[in-house]
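J.: One-letter residues, chain by chain:
There are 2 protein chains.
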Amino acid sequence: MILHGYFRSSASWRVRIALALKNLKVEHKTHHLRRGDQHLPDYLAKNPQGLVPALQLNDHRVITQSLAIIEYLDETAPEPPLLPSDPFVRARVRAFAQVIASDIHPIQNLKILRRLSGLGIDDEGVRAWAGVTIIEGLEACERLLLDAPGPYCFGSKPTLADICLIPQLANARRFGIERRWDRLSSIDDYCRTQPPFQIAEASAQPDAE
Amino acid sequence: MILHGYFRSSASWRVRIALALKNLKVEHKTHHLRRGDQHLPDYLAKNPQGLVPALQLNDHRVITQSLAIIEYLDETAPEPPLLPSDPFVRARVRAFAQVIASDIHPIQNLKILRRLSGLGIDDEGVRAWAGVTIIEGLEACERLLLDAPGPYCFGSKPTLADICLIPQLANARRFGIERRWDRLSSIDDYCRTQPPFQIAEASAQPDAE
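Chains as they are written, first to last, in the numbering used here: chain A, 1 to 209; chain B, 1 to 209.
Bound conformation, chain A alone (with noise of 0.2 Å):
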């Protein structure tokens, strides 16, 4: 398999976490996001949206969108289970996800920022878009896990809600917004020691700038 990504993007990002937690091995194909090669063609032809990451398959079919990625996988490859068992749990953690991926990153990322500059709003006026919505979305994500165990987001066991959880920390402090979530930043410490976690970090992919 080959997995289109981009070391810096969320959702590449997200999909390189659950491929580690699995210990599957994929090939790491790379789109400069700020260069433009995910418009490219031949790129496009694969993913219509051209947004990375998509999930190259050894057939050539193609899998689009995070999410969609980590479930196939979850579901192709079982071991260990990113959602959890109980139906209920599963919904908690699939709308913690969802929270980062539909309302937090989307709102903020590299597109829409570059939208924002190109209507003439300033930096200072993209910073503080970007940051009201990242802060917005982690203080719902902080109030959702409240009566949730650690050290994962639920549990003792990594999920979904962490995958999303630990890229989306990463890009809040890009854009230097201090850590003043308790349970957030202490998912954030316990993960950032697991193998599977730093393997996936984007400082320790081969196209880090």
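Keep in mind that a hint or two might mislead.
Distance condition first, Cα-Cα at most 25 Å in a straight line; then the derived SDA-like pairs of lysine to any residue [to be verified]:
id : chain 1 : residue 1 : chain 2 : residue 2
1  : A       : Lys25     : A       : Thr76
2  : B       : Lys111    : A       : Lys25
3  : A       : Lys111    : B       : Gly131
Bear in mind the hints are in silico, worked out from the structure with no lab data behind them.
Here the structure of chain A is known, so what remains is to put chain B in place on it, guided by the hints.
T.: Relative to the frame of chain A, chain B by itself:
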């Protein structure tokens, strides 16, 4: 069960379609989004994000995020299934749903459009922002379906993909975006003849204005 929603919210509408397809009856509780009812303390205690929908179970536990709610319904009331059985096709369905749920809807919903107005973008600029987001996203949706059989997005049964598509197409109409996608339009026409989709329509809800 109680579905906390709002007639015009695309995400609430998705859950209504899923409930109708599975013939599940719930109590509907409306939260007037333009008036800000979703930010009242009583509701925030249920959903710290202050967004609809949220599904309140009979034991009072709450599930947030439309896609998490729909996956929960599909796991706990499996007939008819809302995802195909083949893992690759499931992944395609989920990816299609995520294009809408992550890359279109949250970037052009009321909250974001209001934030743009607050930054001094005029009405025309705000509408253009929504338009670009919808057109770019639906363009990708159309291409993701090129090799998939009809009459639904992925064959002869409705899935999570149709559940996300139909409210998004209604939303596109509200923004005056012309129907330029053959495949999406034919799916739309077909779904709108089907009772579960009709029951879930925004205009068929008691809180419709």
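J.: Is the straight-line distance between the alpha-carbon of Lys111(A) and that of Gly131(B) 25 Å or less?
T.: At roughly 16 Å apart (the allowed maximum being 25 Å), Gly131(B) and Lys111(A) satisfy the hint.
J.: With the threshold set at 25 Å, check whether the alpha-carbon distance from Lys111(B) to Lys25(A) stays at or below it.
T.: Given that 25 Å is the threshold and the Cα spacing comes to 41 Å, the pair is violated.
J.: Is it true that the CA of Lys25(A) sits at most 25 Å from the CA of Thr76(A)?
T.: holds, 14 Å
In this structure, only the earlier hint numbered 2 is contradicted, and the remaining ones agree with it.
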